[in-house]
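For the sequence shown, position 89 (counting from the first letter as 1) is numbered 89 according to my numbering, and the numbering increases by one without interruption.
Note that these hints are calculated values from the structure, not bench results.
In this text, all values refer to a predicted model and were calculated from it rather than measured experimentally.
The beta carbon of each residue, even a glycine, is placed where N, CA and C say it ideally should be.
Some hints here could point you the wrong way.
[What the hints assert, rightly or not] With a cut-off of at most 25 angstroms between alpha-carbon atoms, the simulated DSS-like pairs for lysine-lysine come out as follows: (1) Lys48 with Lys174; (2) Lys62 with Lys76; (3) Lys140 with Lys170; (4) Lys128 with Lys140; (5) Lys62 with Lys178; (6) Lys44 with Lys178; (7) Lys137 with Lys125; (8) Lys137 with Lys162; (9) Lys99 with Lys140; (10) Lys137 with Lys174; (11) Lys162 with Lys172; (12) Lys62 with Lys44; (13) Lys137 with Lys48; (14) Lys146 with Lys125; (15) Lys128 with Lys172; (16) Lys137 with Lys170.
[As the list claims (entries may be wrong)] Just the calculated beta-carbon pair ranges, DEER-fashion: (17) Cys121 with Val34: 17 to 23 angstroms; (18) Pro171 with Ser54: 19 to 25 angstroms; (19) Asn74 with Gly116: 41 to 47 angstroms; (20) Lys146 with Asn74: 18 to 24 angstroms; (21) Lys140 with Ser18: 44 to 50 angstroms.
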Amino acid sequence: MEITLIRHGRSQLDVERSITCYEFTDWVSQYNSVGVVEESFYPKEAVKKMNEASLVITSDLKRSIHSAHLLRTNVKIISSSLFREIELPLTSKPFPRIKLSSDTWAVLLRILWFSGFSTNCESYKDAKKRAELAANKIMKLTSEHKNVVLVGHGFFNRLIAKELQNKGWKPKTKITSKHWGASTFTNDV
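Given these sequences and hints, build the entire structure.
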């Protein structure tokens, strides 16, 4: 039995300008509503694992679904909000005049989130519980389909990977959070 976690491709949203924390909230909405950049080629391992998969699952966000279809044309997928990326703690109150790039806001807010700040989003503790539910769901699907691929998101895939390892699944490849990166786990039970 095999489970592969693939991170979606780079977002079509390209924002180079500096934005406020309030504007970052709008940026996140846009980020969640667009697909990914179509590449001239995709990593061999991601394509291979998608073609070998008996079942492909994704989050219900467009970038995850779009990525699955780019890696394997006409693939039938099961999408679920269970596999969504962990949201960032968004608020318009702190730092009202500071302007930063979207990447910098994302890093800053993720650090705050890891530190316990979870306004308007699930806490780290709750995200870990959801990751355990997601890992259990994928393992159940793998017992039926033998070879399952999840096209998901960087941080949440990492939490799922940790849960799979806690449940006895062995990493066959290096665990990665790179766009299009594939992390494969096996279980010989």
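Going through the hints against the structure:
For the hint pairing Lys48 with Lys174, the CA-to-CA distance comes to about 16 angstroms; that is within 25 angstroms, so the pair holds. Restraint check: the Cα-Cα separation between Lys62 and Lys76 comes to about 15 angstroms, which is no more than 25 angstroms; the hinted pair holds. This hinted pair checks out: Lys140 and Lys170 have alpha carbons roughly 16 angstroms apart, not beyond 25 angstroms. With a CA separation close to 18 angstroms, the supplied pair Lys128 and Lys140 stays within the 25 angstroms bound.
Proximity of Lys62 to Lys178 is assessed by CA-CA distance (about 18 angstroms); at most 25 angstroms being required, the pair is judged to hold. Straight-line distance between C-alpha atoms of Lys44 and Lys178 comes to about 14 angstroms, which keeps the hinted pair within the 25 angstroms bound. Among the hinted pairs, Lys137 with Lys125 is consistent with the structure: their alpha-carbon atoms are about 19 angstroms apart, no more than 25 angstroms. About 15 angstroms separates the Cα atoms of Lys137 and Lys162, which keeps this hinted pair within 25 angstroms; it holds.
Of the pairs offered as hints, the one joining Lys99 and Lys140 is violated, with about 45 angstroms between alpha carbons and a cut-off of 25 angstroms exceeded. A hinted pair counts as satisfied when its Cα atoms are at most 25 angstroms apart, and Lys137 with Lys174 qualifies at roughly 22 angstroms. Taken as a hint, the Lys162 and Lys172 pair is honoured in the structure, with Cα atoms around 14 angstroms apart against an allowance of 25 angstroms. Using a Cα cut-off of 25 angstroms, the hinted pair Lys62 and Lys44 holds, with the two alpha carbons roughly 23 angstroms apart.
Straight-line distance between C-alpha atoms of Lys137 and Lys48 comes to about 23 angstroms, which keeps the hinted pair within the 25 angstroms bound. A C-alpha spacing of about 30 angstroms is found between Lys146 and Lys125, which places the hinted pair above 25 angstroms, so the restraint is violated. A threshold of 25 angstroms between alpha carbons decides the hint, and for Lys128 with Lys172 the separation of about 23 angstroms falls inside it, so the pair holds. At roughly 17 angstroms between alpha-carbon atoms, Lys137 and Lys170 fall within 25 angstroms of each other, so this suggested pair holds.
Checked against the hint of 17 to 23 angstroms, the pair Cys121 and Val34 passes, with Cβ atoms roughly 20 angstroms apart. Restraint check, Pro171 to Ser54: a C-beta distance of roughly 20 angstroms satisfies the suggested window 19 to 25 angstroms. Taken as a hint, the range 41 to 47 angstroms holds for the pair Asn74 and Gly116, whose Cβ atoms sit roughly 44 angstroms apart. Take Lys146 and Asn74: their Cβ atoms lie about 21 angstroms apart, and the range 18 to 24 angstroms holds.
Range check, Lys140 to Ser18: about 45 angstroms between beta-carbon atoms, so the 44 to 50 angstroms window is met.
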